[in-house]
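Given the structure of chain R, go ahead and fit chain W onto it with the hints provided.
In case you want the letters, here they are:
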Amino acid sequence: MEEYVGELWHKLVTRVADKQHSEAAVSLDEISKTAAIFFRALGGDPGLNLSAAPATRHGARRRWKERLATSGERVELSWRDGETLRLPERISIFSERSLNRDLYFWLVALSAVETNNNLPWIQQNQQATLATLARFPGLVPRYHRLVAALLPLRVNPENLPTAEAAQEFAIRQALMQPGSVKTLPPSKTPFYPVALWTHPNPPASAINHISAGDGAPERDSSEDANIAKSRRKHAAERTDMPDGKDGFLMMFRAESLFSWTEYINVNRPQDEEDDIESAALAAEDMDSMTVARDGETSVAKLRFDLDLPPAGEDETPLGEGISLPEWDYKKQVMQVDYCRLQEMVSAQTVPCELPAQLRRTARRLRSQFQALAPTRIWLKGQQDGEEIDLDAWVRQEADLLSGVHADSRGLYRAQVNQQRDLACLLLADLSLSTDTYASDHARVIDVIRDSLFLFSEALTATGDQFAMYGFSSLKRGNIRFNLLKSFEEKYDNQTRGRIKAIKPGYYTRMGAAIRYASTLLAVQPQCQRLLLLLTDGKPNDLDRYEGRYGIEDTRMALHEARQQGLRPFCVTIDNEANEYLPHLFGASGFAVIRKPEDLPKELPLLYAQMTH
Amino acid sequence: MQNLPFYQVQGSEIELFERAWRNRLPLLIKGPTGCGKTRFVAHMATKLDLPLHTVACHDDLTAADLVGRHLIVDGQTVWTDGPLTRAVREGGICYLDEVVEARKDTTVVLHPLADDRRILPIDRTGELLVAPPSFMLVVSYNPGYQNFLKGMKPSTRQRFISLAFDFPPAAQEEAILVGESGIDAMTAKRLVSIANAFRTLRDHDLEEVASTRLLVYAASLIKDGCDPTLACRAALVETLTDDPETAVALREVIDATFGR
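Chains as they are written, first to last, in the numbering used here: chain R, 45 to 656; chain W, 247 to 506.
Just chain R, same shape as in the assembly (with noise of 0.2 Å):
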């Protein structure tokens, strides 16, 4: 009854207090996509993320209404870092939907100019709104609705004591006339946060470089994407993983809600029980979540092969493994010999047929594969060619009798070649998130085994060369590249059981794997070569590898791809390629299959359009 009340008072409370409006808000999902694309238009680093911004505490003079319902206390800002864009998970600070709206595209716009990151912070967001407007002028009045509509929903700077007051009055003074204020007055309590700014001290996002415990992969878990749904980003630091040594259990649990969010250093491998639901509320109440690479969610799944890759248990190494670089784009310089990739071939391949699932579906990809293979054709109405074009020939004599004037089309029958200049590698990702389940039955592996197949019996029918290899890594060190079929073998049970025996892998450092299978396509003859990557998400690995590293890498390994004539096209599972693919291969260069269990019918047919 005690819990029934409470939640009814706060749920009231919070009505009340709330000035937000929510029939009028727009959310970043509405608008992500265009407002990346506006982000870049503008001048913006193609290689930024969007994401939302989380809530931070601003510690700003509330109404009695909000403290009383304890709501208000935290707010969401924008603000740009080395990765990523955040801008507010939803705004809805203004009564009219057209300005929420309008606030969003302020904030992109103001993001994309570069400004004087030691100036102080007012100096700084009245210089990047003097640049935005300059730049664009059709933003002014935009702007002046803008601020117009905020003022009156800021605090009264006449009932505010002295110093708060002059704070006030210089910040709006700063969003009226841009540029004519120098300085932000003292004053003890922090000022209300400025909705068409940047945030005044944006979290620091530490993205150092912090190895996780020894070859300990930071699980990915379904249960994670559950959770997840909202877009909603933590503020993290992150520390290093304590030693495991001498760890304690220390059973304590304060009152205060503070003690979710210290970081004590000690070593509870699996925290609490696997509660998910009051950890995520916990999470919604905390500031900033302090995230040790130890490499393990708090899920029950755990799966513990975090071991160095077994050598020669059931795979062999082909070779001695090949050195290849890397692209640092903190630094621009490729980083020689970085990488080191290994070509395996499984050892326990069991030669097979094709599964007897797929036989329908092959048989129907074969025939319509075949059309496309290369055939000799006659073409009528030529000008020339061996053959006379009789139908032709009468058309005309008709013409000419009847007085018509005769067209100058073709008599001639002639045969010709056509040809497909055509090589093919296809590159699938064998990363360890291929081991989820894509749907009721299958896991990704199992769908991009059935690509496989599918893939190779579509090929296999038009003859067109093609090569198929398999990549996963751990660390630079490691990478390894598995050998399903080479260009000079043939499609067969042999080939078979090598797909059949295929299965998820560690991580996804993807330049590597991409160079190297680069390598193998541009010694082909073929005139036209397609180098074809199959993957179901963004490139990672154990070190530093991820993030925009990572992306940057694959990108330059994709150009070196183009320089040498290659066609790079990607076929991806990922529903969130979105935000990162164009940066990788433009427009027109990916395909995002939005059901994964119809990627083996789907690969063939994008193959037929790329080509035909």
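Hints in this document: simulated from the structure, not taken from any laboratory.
Keep in mind it's a predicted model, so treat the numbers as computed, not measured.
Wrong hints could be hidden among the right ones.
[Claimed, not checked] From chain R, some residues computed to sit far from chain W (all C-beta separations above 10 Å): (1) Phe82; (2) Arg84; (3) His102; (4) Glu127; (5) Leu174; (6) Pro234; (7) Pro237; (8) Lys374; (9) Met378; (10) Ser411; (11) Gln412; (12) Glu532; (13) His627; (14) Val636; (15) Lys639.
[Claimed, not checked] Derived pair list, reagent style SDA-like, types lysine to any residue, alpha-carbon separation capped at 25 Å: (16) W:Lys469 <-> W:Asp306; (17) R:Lys77 <-> W:Arg479; (18) R:Lys77 <-> W:Val494; (19) W:Lys350 <-> R:Leu423.
Positions of the beta carbon are idealized from the N, C-alpha and C atoms, including for glycine.
Leaving out everything else, chain W in the frame of chain R:
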């Protein structure tokens, strides 16, 4: 030299064209669509007072379309020159636009003309034409949008000297807009700023970016009294993308420039 087509000089292309012509070298012009390749050739032909024969290449273009063919007139066969043969006979410029679109076997007829032999054998008539000194072969192509299965054969490519075109710098492009459509400098500046914003989206969100030609279209609409926002939507946004979300973003850029 009457009616010299308007052309805004970007660099040393005019000088290079003239040198190529004097030294009897064939020229390849590459650049994105609508950046002024065709206009440049027309300008140079008028400037050098040479007849210009332009062929827009397509994948059904045969060697006979270029060289010529026998036509049947009143029960008799009459040989008719194609544009290439005509240009060689007259000693003019033969300009093959978007040459990669033509079939590979078609471009092979260019080979003997494009090296130091400068001859055009016509096997149908048994004629062997030797190109006069004033004849010049110019081809162009757009490296961006070429079809995956079409490229230029290296053996063809290496017979030409190449000239790369790109969209002109902002100030020059503004001058082009003013010169072509007669709009005021301020509007021209805004149009070019929109185009440059769109051009940063190349290879990322847009396959093809706003060409100078499209800007001239937009400028002409505005000069005719059309609302600038509407003109830009019609001439730029809807021409460049079919994706609704991308279109919204592009419209936002236009609004950010012309105001709303």
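Tested hints:
{"no.": "1", "hint": "Phe82", "result": "violated (5 Å)"}
{"no.": "2", "hint": "Arg84", "result": "violated (6 Å)"}
{"no.": "3", "hint": "His102", "result": "holds (29 Å)"}
{"no.": "4", "hint": "Glu127", "result": "holds (17 Å)"}
{"no.": "5", "hint": "Leu174", "result": "holds (15 Å)"}
{"no.": "6", "hint": "Pro234", "result": "holds (32 Å)"}
{"no.": "7", "hint": "Pro237", "result": "holds (24 Å)"}
{"no.": "8", "hint": "Lys374", "result": "holds (21 Å)"}
{"no.": "9", "hint": "Met378", "result": "holds (21 Å)"}
{"no.": "10", "hint": "Ser411", "result": "holds (23 Å)"}
{"no.": "11", "hint": "Gln412", "result": "holds (19 Å)"}
{"no.": "12", "hint": "Glu532", "result": "holds (24 Å)"}
{"no.": "13", "hint": "His627", "result": "violated (6 Å)"}
{"no.": "14", "hint": "Val636", "result": "holds (13 Å)"}
{"no.": "15", "hint": "Lys639", "result": "holds (21 Å)"}
{"no.": "16", "hint": "W:Lys469 <-> W:Asp306", "result": "violated (39 Å)"}
{"no.": "17", "hint": "R:Lys77 <-> W:Arg479", "result": "holds (19 Å)"}
{"no.": "18", "hint": "R:Lys77 <-> W:Val494", "result": "holds (10 Å)"}
{"no.": "19", "hint": "W:Lys350 <-> R:Leu423", "result": "holds (17 Å)"}
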